[in-house]
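There are 2 protein chains.
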Amino acid sequence: MAAPLSVPPSTSDVSASVVDAVRHSLDGRWSWLRDEIRGREDFGDLRVEPGIDTETHRQRVWEMLGQLAADGHAVHGFPTAVGGRGDIGGSVVSFEMLAFADLSLQVKSGVQWGLFGGAIQALGSPEQQARYLPSVMDLSLPGCFGMTETGHGSDVQSVHTTATYDPATGEFVIDTPTESAKKDYIGNAARDGRMAVVFVQLWSAPAGEVPARHGVHAVLVPLRDEAGTVLPGVEITDDGHKEGLNGVDNGRLAFHGVRVPRENLLDRYGSVAADGTYSSSIDSENRRFFTMLGALVRGRISVSGSAVGAAQLALTIALRYAEARRQFAAPGGDGEIVVLDYLAHQRKLLPLLARTYALRFAQNELVEMLHDIQTEREAGGSVDENRQRELESRAAGIKALSTWNATEVIQVCREACGGQGYLSENRLGTLRTDTDVFTTFEGDNTVLLQLVAKGLISGYADDFGNLDTLGTIRFVADQVLDTVAERTSLHQLAERLRGAAAGDDEELLDASWQIKLLDDREQHTLDGLVRRLRPARGKGVSPDKAFAIFNRAQDHLLHSARAHLDGLVLDAFNRACEAQTDPTARQLMRSVCDLFALSVVEQDKGWFLEHGRISAARSKAVTSEINKLCHTLRPHARTLIDAFGIPESWIGAPIATGAETRRQDEAIAHTASQRG
Amino acid sequence: MAAPLSVPPSTSDVSASVVDAVRHSLDGRWSWLRDEIRGREDFGDLRVEPGIDTETHRQRVWEMLGQLAADGHAVHGFPTAVGGRGDIGGSVVSFEMLAFADLSLQVKSGVQWGLFGGAIQALGSPEQQARYLPSVMDLSLPGCFGMTETGHGSDVQSVHTTATYDPATGEFVIDTPTESAKKDYIGNAARDGRMAVVFVQLWSAPAGEVPARHGVHAVLVPLRDEAGTVLPGVEITDDGHKEGLNGVDNGRLAFHGVRVPRENLLDRYGSVAADGTYSSSIDSENRRFFTMLGALVRGRISVSGSAVGAAQLALTIALRYAEARRQFAAPGGDGEIVVLDYLAHQRKLLPLLARTYALRFAQNELVEMLHDIQTEREAGGSVDENRQRELESRAAGIKALSTWNATEVIQVCREACGGQGYLSENRLGTLRTDTDVFTTFEGDNTVLLQLVAKGLISGYADDFGNLDTLGTIRFVADQVLDTVAERTSLHQLAERLRGAAAGDDEELLDASWQIKLLDDREQHTLDGLVRRLRPARGKGVSPDKAFAIFNRAQDHLLHSARAHLDGLVLDAFNRACEAQTDPTARQLMRSVCDLFALSVVEQDKGWFLEHGRISAARSKAVTSEINKLCHTLRPHARTLIDAFGIPESWIGAPIATGAETRRQDEAIAHTASQRG
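Those protein sequence lines, which keep their order, are chains A and B.
Last residue of the first sequence? That's 676 in the UniProt record's numbering, and every number before it is there in order.
Last residue of the second sequence? That's 676 in the UniProt record's numbering, and every number before it is there in order.
Treat the hints as calculated values from the structure; they're not laboratory data.
A few of these clues could be false.
Where chains are identical, the list cannot tell them apart; a pair therefore holds if satisfied intra-copy or between any two copies.
Claimed, not checked - Below, simulated PhoX-like cross-link-like pairs (lysine-lysine); rule was C-alpha separation at most 25 Å, straight line: (1) K545 <-> K348; (2) K545 <-> K620; (3) K545 <-> K628; (4) K516 <-> K620; (5) K516 <-> K628; (6) K628 <-> K348; (7) K348 <-> K620.
Assemble the whole structure, with the sequences as input and the hints as a guide.
Right, dumping it as structure tokens:
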């Protein structure tokens, strides 16, 4: 079985079929779609040359977006009823593949189709979908997602923008009451957007009554006319230059008495009748808010996938260069030492490669879960609330891990490539700056980890998350003695994997030992957290005291979340290994999985030692085992990055595609001739 | 005692005199010069607006550099004989202060005056200095520092560019034999440079004899004529756009039979007579090379200072914002919680603030050491070789720590400021991308840490470092049983600081306990390293085996270097606390120092536990003590950043200078009015 033409050949001694087998694991359920997109050689041209001014950059990205629209790149996730493919998971995968092309283009497409179109799809009625989505898909209606405000990013429930219903005219009046209530960092706002989904506090009442607030809702508000002129009452300012993603035109939106017809309220979860009467299928305002947020979870999952893709690209570039670059004379021989032969260089890159593998598998499972749940719901099926909560919690957690991973991976890769890594032509700098915002947009990572931890404690109980700070603290504290979250099935998996492994003499490379170690850490940190939060229970505790108790345990809380997520990710990796049928590929993947698991242990070895989970001797053994694994995997580095299946023409970086290798070869020939 | 006008007032309850006292400690020996530069309000205007194209950017920086030259900013470090101030330390400090303005401008100035001018100063004769330095200082001769080659960055001793003496004409012929021998990443090369100091393998012999190689030397090679036209035989290509520092015109230089007069060899350490006879005051080629490199150590120290400055600026921006930004409703009260009141936010920023303090003090000591040694030598005094080696080792180590610290600090600050942190107007993105290359230029950090470790093992023995890879391995292995490096005086300091501290019951906040703990780690890791390298001793061991032994211990070696450097840095911080005479300031600094020391322990607690240096209970106590220190220091955050003394008009970032605070205040008023 030959590798597809567009995938570069492996240089290791492992056959191409192993590369294919590993790639098939990494590609997951949508491997057919990945292959379809890989076939598009022109993707490699969808990239903006660095060093141009902001306006030119924006124009180039706008044109490329039009090209994507014309090619039908947008159709995957939209309902078949409006001309889409109805493939939710496919939409995430196709978005993710754009990370290999240009990240400004990717994010711009995400704003248009994922956020703007996605909000209409998730929060709008079938009529609203039919009315708007075709022109969203073909880009004749460029739009914005107006959620974040200057003063409210993490705490979206507190947005200040208002939509007040005027029964006299049958319109909503949209207002931005303060500077900090401006919608901020809004993609497509500064230049191209014609319409925005604006998240507002909705006020309405039947004529004659005092308007009541119904919580956060989304309203479609036109911003510019066909000619691109900003409409009356709409104020748009440019967010200006950013660290990265300068092909995306972010801006601030303010509304001053802007009137839109009643039909512009996206009304799947709440609507206002002509007389001003509000109605909703969900009684609780809080629950309604979180249901709406939950329906938008795809955005977070898409960012996570993009982060994994960016890390894969960076590792591909850095590891190819590390196999070509030589420095310092080889002892006793001709030529110089290949830098990937240095343990220090392996130590920098290979554990990060292992973690990126692990996150890829976790991401794939997350996309499947999203797809299954949303497809089921779209088909009219009822989705278990706990599954939806679990999905949201995983999306939050995996997004945090993947985006921090991307930041670290790309940074380390940049440094590992030295001066070459700093040149824009080698892409690492642009990857770093473009993905940097991933750690704080679509949810600040630290806030997301807190969500995960709170979910663990509360077992995703129904009312959770629907409360203000104090309410949350009290609620969590109340839960802690009664319920603990449904655990992942790590225990059972550990038993299953035990199989042929050693009996009492637990070995570092025994998957079941690794799983149990992480599982135990999760359990223990969670139990400890519960004990620490207990004193915040009850109405008798003052608000200040309750907050202080909660705040003092914040680092513990974050650690619990990480412990849980590490287990989840390891779990996904183990399942991928189990599912691999090629024995050589499986063995290779097992070694990468071992490297990931032991790296997790090493990174937190202080905790494992403090809590008597490993002995000092075992802790040292973990470190030497990691070094051994680096040594073992080093000859397979090329196989492992080839399995990412990034087509040669998409890679772009000269240090990774031969130009730099040729220079090196020449240098070696020169050295040899000098010595000869 | 009032704070100078340009320094922003503190908002904490500590008086301005405490800010002044702490600032005086941080400013160090050149506080007068820092104050002089702080007086220049126009420094705040020396900044390039983001989002412009590369050519415009370069032109702007070129113009600003001319302004600096006209203002006499270059004079500090050059000899009085040529119109300079003869103040080596002052030159590093004045360079460093430019980090608060614009980093492209800073690096461009560093290329011109520090590297190009500095090389002529360090490697040229008094005649050569008199001939070139005045026009270097006034920028009428813009120049380059041509050391790094595409194929040789870390291993500079192996550069391939050649200068062959032709006795017939009395000229050197400069050649670039291969693509990888091109001088690369050379600042000032792509656009402005007229001349370059080019590092070459020097070949010469009296007429009639076969030319012999004399090792690496530096030759002045003209690049462009007065009109800016590239001279015949010189080939210049543009390195193009970079992740950052795009105001600096980096390029590649190649030479094809370029002839320069014999007088262009910078000949302080080696010269060629008219007939081609080579002579040098240093017989060993290797020793000569390292002596020349050692004379250039100021560049590395300047980068380190700049990194500390950049971290200070980032912390100033992020901590000011963290005191203004609010998110999520306060429990039981009006308004929202100030984000710096969250433990998670304190945990992100305050330990990094403490480390930046520590590195500032270590950097100050390093600059003093450089100044004293080089001033002594310039005055004709003889400098103890061990002191010079110690200086080089510290420069390598502190540079590695400071630049990695800057990368991490700025990244964390960016994330801590969320979307605002991503906007270029708030400077963090630009700080990140501009300083990113610091970790790999002027010496790759990983290679620098290896230098430090090898120096520790060899005790800076005379011949050390003058060997190829195998030679180094064997040499180090030979040393390991005989000598151990001269240690810093941590032990004595520990005794001195012990004073009033508890007797047997060691306390976490006892400075002498902290010092001994780090000192002991250094000792132990070094001893362990010695044992691991021992088998590489002797000629009987094959080169491959020797390399394998060395390579397997590489992570251990890097850990030893870090352990040593942590002690050195803590030492500097303790000395600064001791020297502080204001009791309130001293107490505050002690708490910051405690936070630094305990953070070092926490970060490596796995090691301390593995080696039985701390108990599990103590390890947990370290974590809670850090949390307590964060709580204690939180009200003083503003005092601690005010003490950096960055003038208000230099800070620039709207989120740090009130514009954003006003928005927030408005929002709070709005919330209150809604509730009221």
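A quick look at each hint next to the structure:
1. K545 <-> K348: between (44 Å within a copy, 23 Å between copies)
2. K545 <-> K620: between (42 Å within a copy, 23 Å between copies)
3. K545 <-> K628: Classified as between: cross-chain Cα gap 16 Å, same-chain 50 Å, threshold 25 Å.
4. K516 <-> K620: The answer is both: 19 Å in one copy and 23 Å across copies each meet 25 Å.
5. K516 <-> K628: within (22 Å within a copy, 33 Å between copies)
6. K628 <-> K348: This pair counts as within: shortest intra-copy Cα distance 14 Å, inter-copy 33 Å.
7. K348 <-> K620: within (19 Å within a copy, 29 Å between copies)
The structure meets every hint from the earlier list without exception.
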